[in-house]
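Position 83 of the sequence shown, counting from 1, maps to 83 under our numbering, and the rest follow consecutively.
The hints are simulated quantities; they were obtained by calculation from the structure and are not laboratory data. C-beta atoms are modelled at their ideal positions from N, C-alpha and C, and glycine is treated no differently. Keep in mind that a hint or two might mislead.
Stated by the list, open to error - The list that follows gives simulated cross-link-like pairs (lysine-lysine, BS3-like), each with its CA atoms no further than 30 Å apart:
no. : residue 1 : residue 2
1   : Lys255    : Lys336
2   : Lys255    : Lys174
3   : Lys255    : Lys200
4   : Lys72     : Lys109
5   : Lys174    : Lys200
6   : Lys192    : Lys255
7   : Lys202    : Lys255
What the hints assert, rightly or not - Derived Cβ-Cβ restraints for the label pairs, each shown as a range:
no. : residue 1 : residue 2 : range
8   : Tyr169    : Gly317    : 36 to 42 Å
9   : Ile175    : Pro203    : 37 to 43 Å
10  : Val207    : Leu369    : 27 to 33 Å
11  : Val207    : Phe48     : 50 to 56 Å
12  : Asp49     : Glu205    : 53 to 59 Å
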Amino acid sequence: MRGIILIVDKHDYSAFEGDLASLAMSEGFDEFAIAYASTTEQALEIFFDQPPALVIATAYLDGGDAALRTLKAEEMYRHVPVVVVVEKYDPSIYTQAYMAGADAVLTYKEVEQGHLVLRARPLLVTSALFQIKISRSSELEEKNLQDFILLDLIRPYVSRNIWNIARQYSEEQKIEIRARESELTMAFGDIKSFTTVSEKLKPAEVVEFLNEAYEIVTRHIYSNNGDIDKFIGDAFFAVFETPADAIRGMAAIQKEAANVMQSKVLPAGVRIQFRIAVHTGPVIRGNVGGHERFDNTLIGDAVNTCSRLEHEAPVGGLLISEDAARQAGLNVPSDKMQSFMLRGRTEEIKAFSFFDMMEQGYINSQEWL
Numbered sequence: 001m002r003g004i005i006l007i008v009d010k011h012d013y014s015a016f017e018g019d020l021a022s023l024a025m026s027e028g029f030d031e032f033a034i035a036y037a038s039t040t041e042q043a044l045e046i047f048f049d050q051p052p053a054l055v056i057a058t059a060y061l062d063g064g065d066a067a068l069r070t071l072k073a074e075e076m077y078r079h080v081p082v083v084v085v086v087e088k089y090d091p092s093i094y095t096q097a098y099m100a101g102a103d104a105v106l107t108y109k110e111v112e113q114g115h116l117v118l119r120a121r122p123l124l125v126t127s128a129l130f131q132i133k134i135s136r137s138s139e140l141e142e143k144n145l146q147d148f149i150l151l152d153l154i155r156p157y158v159s160r161n162i163w164n165i166a167r168q169y170s171e172e173q174k175i176e177i178r179a180r181e182s183e184l185t186m187a188f189g190d191i192k193s194f195t196t197v198s199e200k201l202k203p204a205e206v207v208e209f210l211n212e213a214y215e216i217v218t219r220h221i222y223s224n225n226g227d228i229d230k231f232i233g234d235a236f237f238a239v240f241e242t243p244a245d246a247i248r249g250m251a252a253i254q255k256e257a258a259n260v261m262q263s264k265v266l267p268a269g270v271r272i273q274f275r276i277a278v279h280t281g282p283v284i285r286g287n288v289g290g291h292e293r294f295d296n297t298l299i300g301d302a303v304n305t306c307s308r309l310e311h312e313a314p315v316g317g318l319l320i321s322e323d324a325a326r327q328a329g330l331n332v333p334s335d336k337m338q339s340f341m342l343r344g345r346t347e348e349i350k351a352f353s354f355f356d357m358m359e360q361g362y363i364n365s366q367e368w369l
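Build the full structure now, drawing on both the sequences and the hints.
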């Protein structure tokens, strides 16, 4: 920590420079200097270049009182201690100096008797503590800014559900996100023939293609109260509190993707076409991983069912499970649904094509699109 004692006086203080410097060093200033000024203007120029740890000034300086009042009125400089030196004890001059903001008033005789060093010690201690406080505050502000930027960078890479849970837990000073059981609606979707698409595009173009496709996905999921649990290459996994929100969001994705196919010029064989399935069921959100790296994800048979049902969905279509349809209020007759024997399951699951049922009049398009 660097410090300066600013002496604004024509009086000779050379006999005390060593004691003042030693005192300053003992109170925490590892670098120290003594600067002199003979006028208010010179003093202010030095002052604003680097606020000193201590000011020693004569009471007879032109404009000195006004300058002292101004400095002590400023939040940035009021902490700087000022010792005013007078020819002799005079109550009116003492009062004037203290009213202007002086922290101590001494006579030249007291200076010569060594009182200056004695009075300077507590003032330098206060000044050193303040500078340490300012330094630590600056470091803390810088760290807070870095942490804010770090969080801002990380946030788009984390699902909103996890972000909100983590924020709640941090407010409650909990240090572990515990498993939760609930019933949710899930949506899985993937891009048709993505391997073929990748072969026709350069790596940078593949990323651009995915981002364009997922921009549609993200917008409609979030606008329908959903959350993106993760992107998995050419596939996405979304979560909703209600099946109605999930169905509306997924139907909007397919509708916009179809419009993009008609309006956008893409390389031959490159298409933005999704297969999507929606299913509702019990799940548990838990931590999977090691002690130093976790993935907080949804686990359960309903997740696996939805993922496998998505592979049965028609390209550009939306496959809705019977469980999701019933809870969403879609009264599609069971005999109009298809039965699917999904890999790894012992029982069939019923589901139907959303857009086919809409064409047949079982679903009101004005209500769902």
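Handout entry: Outcome for the supplied range 37 to 43 Å, where the beta carbon pair is Ile175 and Pro203
Key = holds (40 Å)
Exercise for the section: For the pair supplied as a hint, Lys174 and Lys200, confirm whether the alpha-carbon distance does not exceed 30 Å. Expected result: violated (49 Å)
Exercise for the section: Starting from Lys255, check that the Cα of Lys200 is at most 30 Å away, please. Expected result: holds (25 Å)
Practice task
Please test the hint of 53 to 59 Å on the beta carbon pair from Asp49 and Glu205.
Solution key: holds (56 Å)
Exercise for the section: For Val207 and Phe48, compare the CB-CB distance with the range 50 to 56 Å and indicate the outcome. Expected result: Holds, since Val207 and Phe48 (Cβ atoms, about 52 Å apart) stay within the stated range.
Practice task
Starting from Lys202, check that the Cα of Lys255 is at most 30 Å away, please.
Solution key: Holds, at about 27 Å.
Problem - Pairwise beta carbon distance, Val207 to Leu369, judged against the given window 27 to 33 Å - result: holds (30 Å)
Handout entry: Lys192 paired with Lys255 [C-alpha distance capped at 30 Å]
Key = holds (16 Å)
Practice task
Assess, step by step, whether the Cα of Lys255 is no farther than 30 Å from the Cα of Lys174, and give holds or violated.
Solution key: Cα-Cα ~43 Å, so violated.
Handout entry: Holds or violated: Lys255 to Lys336, with C-alpha atoms at most 30 Å apart
Key = It holds: about 23 Å lies between the C-alpha atoms, which stays within 30 Å.
Handout entry: Outcome of range test on Cβ distance (Tyr169, Gly317; 36 to 42 Å)
Key = For Gly317 against Tyr169, whose Cβ atoms are near 39 Å apart, the range 36 to 42 Å holds.
Exercise for the section: For the pair supplied as a hint, Lys72 and Lys109, confirm whether the alpha-carbon distance does not exceed 30 Å. Expected result: holds (27 Å)
In summary, the numbered hints that this structure violates are 2, 5.
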